[in-house]
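Next come the chains, spelled out residue by residue.
2 protein chains.
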Amino acid sequence: MEEKQFVKEVADINENFAQWYTDVVIKTELVDYGPVKGTMVIRPYGYAIWENIQKDLDERFRKTGVKNAYFPMFIPESFLKKEAEHVEGFAPEVAVVTHAGGEKLAEPLIVRPTSETIIGHMYAKWLSSYRDLPILINQWANVVRWEKTTRPFLRTSEFLWQEGHTVHATEEEAMEETLRMLGVYKDFAEETLAIPVITGRKTEKEKFAGGLATFGMEAMMLDGKSLQAGTSHYFGQNFSKAFDIKFLDKDGKLKYGYSTSWGVSTRLIGAIIMAHGDQRGLVLPPKVAPVQVIIIPVAAHKGGVNEKAKEIEDMLVAAGIRANTDMRDMSPGRKFNEWEMKGVPLRVEIGPRDLEAGHAVIMRRDTLEKSTVPFGELLNRVVSLLETVQKDMLTLSRERRDKKIVHADSLDGILKGVDGKNFVKAGWCGCRECEDKVKEYAAATARVMCDEEGIPDRCAICGKPAKHNVIFARAY
Amino acid sequence: MEEKQFVKEVADINENFAQWYTDVVIKTELVDYGPVKGTMVIRPYGYAIWENIQKDLDERFRKTGVKNAYFPMFIPESFLKKEAEHVEGFAPEVAVVTHAGGEKLAEPLIVRPTSETIIGHMYAKWLSSYRDLPILINQWANVVRWEKTTRPFLRTSEFLWQEGHTVHATEEEAMEETLRMLGVYKDFAEETLAIPVITGRKTEKEKFAGGLATFGMEAMMLDGKSLQAGTSHYFGQNFSKAFDIKFLDKDGKLKYGYSTSWGVSTRLIGAIIMAHGDQRGLVLPPKVAPVQVIIIPVAAHKGGVNEKAKEIEDMLVAAGIRANTDMRDMSPGRKFNEWEMKGVPLRVEIGPRDLEAGHAVIMRRDTLEKSTVPFGELLNRVVSLLETVQKDMLTLSRERRDKKIVHADSLDGILKGVDGKNFVKAGWCGCRECEDKVKEYAAATARVMCDEEGIPDRCAICGKPAKHNVIFARAY
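For the protein sequence lines, the chains are A and B, in the order given. All you need for my numbering is the position in the first sequence, starting with 1, plus 11. All you need for my numbering is the position in the second sequence, starting with 1, plus 11.
Treat the hints as calculated values from the structure; they're not laboratory data. A few of these clues could be false.
Identical copies look the same in the list; a pair holds intra-copy or inter-copy alike.
Quick list of in silico lysine-lysine cross-link-like pairs, BS3-like style, CA-CA up to 30 Å [said to hold, decoys possible]:
#1 K346 - K264
#2 K78 - K66
#3 K136 - K48
#4 K159 - K115
#5 K346 - K321
#6 K321 - K48
#7 K427 - K402
#8 K197 - K66
#9 K313 - K261
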């Protein structure tokens, strides 16, 4: 009864996916709207996911030799203009500080939309010899991009992210770094978020403003649309020349460094929601779930039930599991619904009869399967189930996605494909005109190129010989 | 030889403490100046200290039930004006965004100098019943206060901090929270930073703009000046009334909540430097030192030395110690100097003769004492020495400080006291005029009140009966 009521609380996931998303993020208290248009408040339940993402990624970065630092948020307006493409790409969406300390500033300050310019300025100061290379620095920070259409996590005026910025002595090393970090992101997305991703190079149109090459990772959401979940950019010497990032090489010559940058953001939380959710709400991968196991006492007024629940919680917490007992004065049914909506991977139910029988009931959020587990085996079972859920979520997502990657050899084919909520692989001649046609005709964009899988003979749009194998999709 | 050269690299700590500070923070690569006046770049070595501070404090907050979240950085200008004292206190130093997305904004946006207003706005939306209380949320964020005179870590236009914001059903609970967090800060400062602090209530003049009571913790720096290292504010219903933070209480009545806020910032890094440093540079407490043990191979070209050094590093790292081996092609003397300046708590030296004799030499940074330790005892000795150094640093700081707290019963006595680089305890009648006189005459301010130690008979300034026992000091 109550469960049915509850299900109605969120829009139908198949009929109105966008509304379902909004309902779920608000009702599970992941996020709320800020008072300034386009801003979001990341509430404790959402922020805990971000903290788990940070911890995991930070360790992966650290293993590759990257260190964290913090650079100022205010960038002199003139910095932005030093790289021509960069300013063209970012100027339309920056927020500008014109007054501070009660006075008009001599030079307006840009609130960072990204930090290549200010970090480049500092690197130029710090770098002198090849011995200082590579420079491998990351920062966790807030950035601002003034967007017309916003949605919590997916596109907001201010968001949180990490941006790694590196400098290398050679083109090869910089390209290696660009691809290494793309690999780190892919492993992270699949191992930690249980989201399979397709990585590849972006087209000229879709690349970072001021870079030479952008590599992206694209994840398929439940509605067949693509979400760009992370990017890694190779800059060559573009920013080094604009900011004078030079070093004395082993051969005694003064050279410009080769730089890269790479980032992921709070968008990833949106990806988790839209890759794994269902009609009941969130389905969180155990590795990032703020609560991994929720313990719910049933008929808790009966002697010993609450005590046993607490005992189980203590046992799980001691083993490093994020477990919690819901002791609120509320019907178990309402609690079940609420924690299901919040996507907690495992629920442990315990009532008077379970207590007598010496077991508890565990429910998996991803499959909704229940099993009865003797108290003595509970810890081991929870540990192995968390691993199983994590693995199964990736497998399911991958199967679901792979069924929805189709090939097309015409513009109509592309349209039909994306209308059918698919990723569409198609040959492309490489010209901007054809890329724009796909956008106009099918409202889809080139997500990444996957030439290594083989290039079709013909461009699906103009019929000329194809130079690339492109994944077209509608995108967030 | 080299060491003497090195010592000259920084200004004399006794003769020019301010220059010594600047030399040390720049040369140890803790920080650098940003391109915009008053901003700083926190470099990896400095940021690693901040990360250790965050980890430690976060765990202390968590244990009191506090959760982290993230609120937008842009605050509508009108929000600031809702609390009269608040706007008066902060308006002169805010940075203002007037344009965004290529257009002039209808309402200018303030870059948060602190977040009581925007968080209050959200709490009003979230709070409905006494069941929702207390609200205990903290955020780690950047804030901006446009300052005329700036110094790295101590006072910068943008800095990093945490700000906790809580709401409670009653005055008593809110005051309890205010003092609980002050206690958390005190424990943290003493146990983790090895800095003894004096906590107490601030005078009306020194309290937070818009609050009812501010409690601060003050730390004595090596030059006898005080550094406000953290504050905890009790707001009563001031912000609740300004932002309509109401709840339905158990008795069925609609009531305003009682709120608090509390914060510490990257200033703490400045406190560590100025509380513990010496002529050679930084002396870092082991608990926050980015590198706890630096291993330096001597005559490393001799067989086995580098290998043994690395073996020791691996052993220490496996035990959870932040250890590193300096394998650079550079004289050991230069390495000794550099790591001493960087304040690494323990240095392990190992040369061919040590290798033969089966021992290594350990030097403590705080006392410069050396001891010879057989390889088999190395791990245990390092572990116990790190604990000893941490404890001894607090003891030394406390002894040093306690000798420099004097009493005065006249304005001249206060002047003489602060000129002698002391904290001065004196009776105070409680009037603003007398407080201002101390500022004019002795360039000192009331740091905190410590009435619980007993109140002198007379105000040291005007001679009228005293109402408070105040610590006066010059301050950062």
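Notebook entry, point to check: Between K346 and K264, at a C-alpha cutoff of 30 Å, which is it: within one copy, between copies, both, or neither?
Noted result: For K346 and K264, the Cα distance is within 30 Å only across copies (27 Å; inside one copy 68 Å).
Worksheet entry | 30 Å Cα threshold - placement of K321 relative to K346 | Close inside one copy (16 Å), not across copies (53 Å); limit 30 Å.
Within a copy, between copies, both or neither: which one fits K321 and K48 at a CA-CA cutoff of 30 Å?
neither (43 Å within a copy, 55 Å between copies)
(message) My question is about K427 and K402: at a cut-off of 30 Å on alpha-carbon distance, are they close within one copy, between copies, both, or neither?
(response) So K427 and K402 fail the 30 Å test inside a copy (32 Å) and across (71 Å) alike.
Cα distance capped at 30 Å. Does K136 pair with K48 within a copy, between copies, both, or neither? Answer is between; shortest inter-copy Cα gap is 16 Å, intra-copy 38 Å.
Check: For the identical chains here, do K78 and K66 meet the 30 Å Cα criterion within one copy, between copies, both, or neither?
Finding: The answer is both: 14 Å in one copy and 16 Å across copies each meet 30 Å.
Up to 30 Å between alpha-carbons, please classify K197 paired with K66: within, between, both or neither.
both (16 Å within a copy, 27 Å between copies)
As a check of your reading, is K159 near K115 (CA-CA no more than 30 Å) within one copy, between copies, both or neither? both (27 Å within a copy, 14 Å between copies)
* Asked: With identical chains treated as interchangeable, where does the CA-CA distance between K313 and K261 reach 30 Å or less: within a copy, between copies, both, or neither?
  -> between (77 Å within a copy, 26 Å between copies)
Against the hints set out earlier in the document, violations occur for numbers 6, 7.
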